[in-house]
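Novice: This is what each chain is made of:
Protein chains: 2
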Amino acid sequence: MSTETEKAKPAKPRKLSSIQKWDIETDVAIVGFGAAGACSAIEAAEAGADVTIFELASSSGGSTALSSAEIYMGGGTRVQKACGIEDDKEDMFKFLMMCGGKQADEAKVRAYCDGSVDHFNWLVAHGMPYKDSLYNHRAIMALTDDCLLYTGNEKAWPFKDNAKPSPRGHNLQVEGDNGGPLFTKIITEQVEKLGVKVHYEARALTLITDDHGEVCGLIVRIDQQEKTVRARQGVILCAGGFIMNKDMLKKYAPGIVDNETPIGNPGDMGSGILMGLGVGAAAINMNEFFISLPFYPPAQTTFGIFVNNQGQRFINEDCYHGRVGWHAFQQPGNRIYLILPVDDFKAPDYLFADICGTGETVEELEAEIDVPKGMLEHTIAYYNEHAKNGEDPLFHKSAEWLRPLEGALVALDCSYGRGAFWPCFTLGGLDTLPTGEVKTPEGDVIPGLYAAGRTACGIPRTGAGYGSGMSVGDASFFGRMAGKSVAARGKA
Amino acid sequence: MSTETEKAKPAKPRKLSSIQKWDIETDVAIVGFGAAGACSAIEAAEAGADVTIFELASSSGGSTALSSAEIYMGGGTRVQKACGIEDDKEDMFKFLMMCGGKQADEAKVRAYCDGSVDHFNWLVAHGMPYKDSLYNHRAIMALTDDCLLYTGNEKAWPFKDNAKPSPRGHNLQVEGDNGGPLFTKIITEQVEKLGVKVHYEARALTLITDDHGEVCGLIVRIDQQEKTVRARQGVILCAGGFIMNKDMLKKYAPGIVDNETPIGNPGDMGSGILMGLGVGAAAINMNEFFISLPFYPPAQTTFGIFVNNQGQRFINEDCYHGRVGWHAFQQPGNRIYLILPVDDFKAPDYLFADICGTGETVEELEAEIDVPKGMLEHTIAYYNEHAKNGEDPLFHKSAEWLRPLEGALVALDCSYGRGAFWPCFTLGGLDTLPTGEVKTPEGDVIPGLYAAGRTACGIPRTGAGYGSGMSVGDASFFGRMAGKSVAARGKA
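So the protein lines, in turn, are chains A and B. Here the first sequence is numbered in my numbering, starting from 1114 and rising by one per residue. Here the second sequence is numbered in my numbering, starting from 1114 and rising by one per residue.
It is worth saying that the hints were derived from the structure and are not from the lab. Honestly, I wouldn't trust all of these hints.
Identical chains blur together in the list; that is why a pair holds if it fits in one copy or across any two.
To be verified - When the alpha-carbon atoms are kept at most 25 Å apart in a straight line, the in silico DSS-like pairs for lysine-lysine are as follows:
1. K1306 to K1207
2. K1273 to K1128
3. K1202 to K1134
4. K1120 to K1215
5. K1215 to K1122
6. K1359 to K1207
7. K1125 to K1363
8. K1215 to K1501
9. K1268 to K1215
10. K1273 to K1194
11. K1363 to K1215
12. K1363 to K1207
13. K1604 to K1306
14. K1340 to K1207
15. K1298 to K1134
16. K1306 to K1194
Working from the sequences, and respecting the hints, build out all of it.
Specialist: Spelled out as structure tokens, the structure:
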């Protein structure tokens, strides 16, 4: 008797002994051609392995292609040095450990920080153009061709008190929101140049294991036909997360089962995670998610304040938008407002929040929104009284974003489920070592199986600590580690 | 290569084919002799099965013996009717679904509510004395021999707006905090009367499975020796939760890995969950936990207010203490204060929070505690202004608990990690059907395996919705269901 819906079911592996013939043979089979798949393919191929990628879509890129392809790197990259940024990898380490919260993976954060400058150089050696320039604005991404920007909570309380802030988001040298496509173009060329075989519109169905549990291939569906794939050295799962799979959300991340704006590509159905689970892998951190209220740009919205249904502030508004969204999502009641001065009002570029109130005075504004009478007035009065001295005794917002809210005001309705944009994606996945090897709940590695990108649980672990560049950073870095591991396995 | 610490490892099952001889043979083997184990044993034995219980401790009771043994029941029990309480099982259903949040298990909640009156009658038929009386006070438990009391958030916002409140906690007819021992005494006698064999100081090590994955016994350690146990009809795991297992907390519930006041018995090491995981069971909701600030009794503390590090209120203080604790645990910053009038001040019975400030005026008090200057003054002024009209515009605390905070005030330091009592326990466990059958991640049931109590994931799913009586209620009710199921399996 089965009570699960089909789409949340682990993919039952096929037994090696049941395979009659191999349709495709390769050293390394990679499922998914986003950043993780591409980078693992390059490392494995450069180490001499015969590599084949199976991609569900008709082209490469995965969710990376849809992103800005910012990559979180630090500890003294060429660009950081050129811009006079003195970053220390220990500060990066402290910061990323804080970002991961109680579930941070110290071994992975350590590997990621220690290898960060090398990772930058590797990307450059593989054709990625980074301009030696700083984009010193509060933004979600650089729309210029500048490189370095702050992309997380580095300069915001409480992070700034624990680790010296540095800009670590590295944006490709390209104008506009074109980082993802450029990254994809370059990395795809690199993959092709190495002779990696790529099957598009190829749906990986399940893994093939031998009697000892070793992964030795997989089944893919190409042109309506099931093909058997022999992977002599191993399989790397880089098939994205599960934000598009409502059954999996219900089971693993019920907090966002009702979300209406999943961020990812249609292939983010958790298929890689389900294939791993099917062969006994552990999935961890599955309840955690990124959820955001992208209320900037324009940067000047940071001068505003967020209030909850009680009319209370709840966050320093100079945080990364994801941290603001994560905290907003936890607030009691069902209203979240962003209060801004009318004077230099400009609607946020990505938020799609309706104006739900305006007022020449706070009292007028308050009468138009759903907060207890008098609360907004106090919240603003208190904020203003200290903002004029460059202080925020409640949440320690930085002085540069403190300015009394004066004159006519406007309120944006940012409430969840009432029209504002609340993008989200999953932060759980297969439990892997820094090498990309996939672990069982016992902590043993499954021979022949690797995972990277959002199919694995990587550096980003909580919505409260997420920053832009951590996903593509994690995917590209640990994709490479997986590619190296599988290649080394072949030689062993 | 293994990277897990031993105590978080699933217990690898033994193969049936490796068993030379059976040291013990029984129809039904039950691991753990708390409420779940006892109730499952009774149902199985009454249905004619030969039943054997293996209990780690030297006596019966498990965590139930340490509790007040309140049981959450409603929909018109004998006691409710005698006390003139008109409860409807649909209100109970709506309430419990709200308590479970987005991860509520509708099938279990439905079974629990539909079977609640019958469960009460079953307990009475098995010797449990319940007085037809109401204990109409705000308390964690009834220290009199009265029966019925409100034990959750029934009368508190937002629950009261969605389901008609009724008292549903049923307390045994015994003076003092002696419900757990009395429940244990009676249920143990019932178990013994039925001829159930009990092995104390018997540590269950792992399950035995046949080649088809069917559970057909287990290995226990008794008197330093490993014994093989044949369970002809099945094994029921009732071995408690995992709050005492730091390795499991780190892996599954990192939010409370640093807690210093786990609630449970020393056997709550997750051994039942690990045995289930070892044979391919799914564990769900593992990140969730109960965490409390037991700030009443005395009930009059409910007239106080909680404020966070920002000096803001964050909860209606007439909530169940666990809901208050859960919300307090989510607050930004690292201070939580309970503000009370000095006039009728009496230290909470269980909170152990130090007095960290007093003042003839709010200003004086504020100067002694760590909140931004002026915030407490506004919070109290606003609260008082509305409390005198019986209103709480922020959190809708009930009028009966609203009284302006006047005269000299005292602040209790309830901050996490600074001495106050923050009891907690786990709310995740094996994924089971309402029948007690244990499910795999595929949603299939594992033949011969059952679980109940905190080894399973039951009715209580979040700390925000927990109420007293839900654990022993869930354990006793679904323990019975498991006992019935295993007995029916024997007949099939």
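Novice: It remains to establish, for every hint, whether it holds in the given structure.
Specialist: Against the structure, the hints come out as follows:
no., hint, verdict
1, K1306 to K1207, "neither (38 Å within a copy, 61 Å between copies)"
2, K1273 to K1128, "neither (52 Å within a copy, 55 Å between copies)"
3, K1202 to K1134, "neither (50 Å within a copy, 60 Å between copies)"
4, K1120 to K1215, "between (30 Å within a copy, 19 Å between copies)"
5, K1215 to K1122, "between (29 Å within a copy, 20 Å between copies)"
6, K1359 to K1207, "between (35 Å within a copy, 24 Å between copies)"
7, K1125 to K1363, "within (21 Å within a copy, 29 Å between copies)"
8, K1215 to K1501, "neither (36 Å within a copy, 43 Å between copies)"
9, K1268 to K1215, "within (21 Å within a copy, 34 Å between copies)"
10, K1273 to K1194, "within (21 Å within a copy, 60 Å between copies)"
11, K1363 to K1215, "both (24 Å within a copy, 8 Å between copies)"
12, K1363 to K1207, "between (33 Å within a copy, 19 Å between copies)"
13, K1604 to K1306, "within (23 Å within a copy, 66 Å between copies)"
14, K1340 to K1207, "neither (46 Å within a copy, 50 Å between copies)"
15, K1298 to K1134, "neither (35 Å within a copy, 65 Å between copies)"
16, K1306 to K1194, "neither (31 Å within a copy, 80 Å between copies)"
Checked against the numbered hints above, the structure violates hints 1, 2, 3, 8, 14, 15, 16; every other hint is satisfied.
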